[in-house]
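Enquirer: Here is how the chains run, residue by residue.
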Amino acid sequence: MADFKFDLVSPERRLAELDATEVQIPGADGDMTAMADHAPTITTLRPGILKVVHSGGTEEFVVSGGFAEITANSVTVLAEKALPRSEATKERMDKLVEEATAAHEAAKASGQGVDEADQVRNAMVEVASHVML
Amino acid sequence: MPNLKDLKNRISSVKSTRKITKAMQMVAAAKLRRAQEAAEMARPYTERFNSVMAGLAASASGEGAPKLLAGTGSDDTHLLVVMTAERGLCGGFNSNIAKLAKSHAADLLAQGKTVKIITVGKKGRDAIRRDLGDHFVGHVDLSEVKRVGYDNAQDIARDVLARFDAGEFDVATIFYAKFVNVVSQIPTAQQIIPFEVPEGTQADDSTLYDYEPSEEAILADLLPRGVATQIFAALLENGASEQGARMSAMDNATRNAGEMIDKLTIEFNRSRQAVITNELIEIISGAEAL
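Chains L and X are the protein sequences, given in the same order.
Start counting the first sequence at 3; every next residue gets the next number (our numbering).
Start counting the second sequence at 52; every next residue gets the next number (our numbering).
Excised from the complex, chain L in its bound form (with noise of 0.2 Å):
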C-alpha cells in the first residue's frame, strides 16, 4: 500500500511526523479515511479520536477539534487541543469535557452558535467516555 505523509500538530507541539498508509479523521460531517490519492480536501473536525495506521502500527490520538487537510500525497492534521491515546488520562479528558461544557454555556448565554457549542459538547463527552472505557 502507498504511504504518504502524515502530520499532526497542535499549536503547542507537534505530535506525529510519520509516513502513514490510512488516516480515520473524525470529520465534522462525519468520519473519513483518507489514504494515498485522496481528493485533496479540507476538513474541520470534530472532537474525537484520530486513527493512524502505518506499517509499524497503528496509532490513536485524541483530538478535540481542528482541521485537517488532505491532499494526494499528505494528510495535514491541525488540531487545536491533541494528545496520544496513551496519555489520555481521566483527569485530561475531564478537563477537555468541562472546558467543550463551558464552551458551551457560554454560547447559550450569549445566544451565538449554540447548536455547534452543544455537538461539540456531546461529542467531547462521546470521546471522553469511549476513550476510559
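Because the hints were derived from the structure by calculation, they are not lab data.
Just to be clear, a hint being listed does not mean it is correct.
Stated by the list, open to error - Quick list of in silico lysine-lysine cross-link-like pairs, DSSO-like style, CA-CA up to 30 Å:
id : chain 1 : residue 1 : chain 2 : residue 2
1  : X       : K197      : L       : K83
2  : L       : K83       : X       : K82
3  : X       : K70       : X       : K167
4  : X       : K56       : X       : K153
5  : L       : K83       : X       : K150
6  : L       : K92       : X       : K197
7  : L       : K110      : X       : K70
8  : X       : K82       : L       : K110
9  : L       : K83       : X       : K314
10 : X       : K164      : X       : K70
11 : X       : K59       : X       : K82
12 : L       : K97       : X       : K197
13 : L       : K97       : X       : K167
14 : X       : K197      : X       : K150
15 : X       : K167      : X       : K153
16 : L       : K83       : L       : K97
17 : L       : K83       : X       : K173
18 : X       : K229      : X       : K59
Claimed, not checked - Just so you have them, the derived chain L footprint on chain X, three or more residues with Cβ under 8 Å:
id : stretch
19 : 92-101
20 : 262-270
Please read these numbers as outputs of a predicted model, since none were measured by experiment.
Backbone N, C-alpha and C fix where the C-beta goes; we use that ideal spot for every residue, glycine too.
Got chain L sorted already, so can you dock chain X onto it with the hints?
Expert: This is chain X only, laid out in the frame that chain L set:
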C-alpha cells in the same frame, strides 16, 4: 578623599549587586531556552495554518466574504493590542514595544481615527498610560501565568472577537517583539483583523480542494482560530524576546558591576596606601623633631 570604611561598604554592595544580576542572567538564559523551544514547537502549526488560510483567503475574497477577512468596509476605529512583559529589568524590551505602539497610535490619531487599546502585560500598560490612558479599553494580566499556553491566547482572542462582533472596532493590530537573537528583538506591528496573509507565507499551489462541510463554514471556523493562532505566536515570540533582552541586559549589568568593583578596589588601595604614607611621615617627622 572618601574614608576607607565607606569605600569598603560600597565595594561590598556593588559585589552583591553583581551577584544578583549574574543570577538573573542565568535564570533568563534557562528560561530563554524553554521559551525558544516553545516558539519552535508552535512554528509548524502556524506555518501550515497560514498556508491553508492563504489558499482559502485567495479563493474566498470578493463579495460576501466574512468580515474577519474582508473587513467592515471602513477603518475608522483601530484596536491596538499591545503585548509586553509583566516584569521589567529587561533592557529596552518593554519601552521599544511601547514606543512603536505610541507612534502608531499618534499616526492614527493624527488621521482623525479612533484608537482603542488593550494591553497585555503590566509593563506596557504602565508605559503607555500617561499618554494614551484615555484610550484603554481592557487589560490582560498574565502575571499569574507561568507558561503561556494556547488557552491564554484563546482568551485574548475571544475578548478581541467579541468586541469585533459588537462592532467596537474595524481594524485590530498586535504589537510584540519578534525574536531574532539574544541581542536583537524587533518590535513589530501586525494586523490581525481583517486577516492579512503574513509575509513570507507561500500559498499552497492552486489545488482545488473539496470542502467539508462547506467553504463558508470552514472559513467561519478558521478565521477566529487564525486570530488566536497569531496571538499565540506573538505571545511566544514575545516570551523568547523578553528573556533574550533580559539576558543581555543582565549580562551588561554584570560586566558594569565588575568594572565598578575594579575601579573602587584601586581607589580603596590607593587611599589605604595614602593613609599609611601619612602615618609614616608623621612618625618620621616626629622622630626628627626630637
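Enquirer: Confirm or reject each hint.
Expert: Results of checking the hints against the structure:
Restraint check for X/K197 and L/K83: the C-alpha separation of about 19 Å stays at or below 30 Å, so the hint holds. Between L/K83 and X/K82 the alpha-carbon distance is near 24 Å, which keeps this suggested pair within the 30 Å criterion. Between X/K70 and X/K167 the alpha-carbon distance is near 42 Å, which puts this suggested pair outside the 30 Å criterion. With a C-alpha separation of about 48 Å, the suggested pair X/K56 and X/K153 falls outside the 30 Å cut-off, and the hint is violated.
For the hint pairing L/K83 with X/K150, the CA-to-CA distance comes to about 36 Å; that exceeds 30 Å, so the pair is violated. At roughly 24 Å between alpha-carbon atoms, L/K92 and X/K197 fall within 30 Å of each other, so this suggested pair holds. Distance restraint check for L/K110 and X/K70: the Cα-Cα separation of roughly 55 Å exceeds the 30 Å cut-off, and the hinted pair is therefore not satisfied. Proximity of X/K82 to L/K110 is assessed by CA-CA distance (about 40 Å); at most 30 Å being required, the pair is judged violated.
Our distance criterion of 30 Å between C-alpha atoms is broken by L/K83 and X/K314, whose separation comes to about 56 Å. A distance of roughly 49 Å separates the Cα atoms of X/K164 and X/K70; the hinted pair therefore is violated under the 30 Å criterion. Between X/K59 and X/K82, the direct Cα distance comes to roughly 35 Å. Violation of the 30 Å bound is thereby established for this hinted pair. In summary, the hint linking L/K97 to X/K197 is supported, as the alpha carbons are separated by about 19 Å, within the 30 Å threshold.
At most 30 Å may separate the alpha-carbon atoms for a hinted pair to count; L/K97 and X/K167 exceed this at roughly 35 Å. For a cut-off of 30 Å, the pair hint linking X/K197 to X/K150 stands: about 26 Å separates their Cα positions. Of the supplied pair hints, the one linking X/K167 and X/K153 holds, its CA atoms being roughly 12 Å apart against a limit of 30 Å. A hinted pair counts as satisfied when its Cα atoms are at most 30 Å apart, and L/K83 with L/K97 qualifies at roughly 12 Å.
For the suggested pair L/K83 and X/K173, the alpha carbons sit about 29 Å apart, so the restraint of at most 30 Å is met. Between X/K229 and X/K59 the CA atoms are separated by roughly 43 Å; this puts the pair beyond 30 Å, and the hint is violated. A count of 7 residues in the stretch 92-101 of chain X with a Cβ less than 8 Å from any Cβ of chain L is obtained; the coverage claim is therefore met, three being the minimum. Proximity of the stretch 262-270 of chain X to chain L, defined as three or more residues with a beta carbon under 8 Å from a beta carbon of that chain, is established by the 5 residues found.
Going down the numbered hints, you'll see the structure goes against 3, 4, 5, 7, 8, 9, 10, 11, 13, 18, while the others check out.
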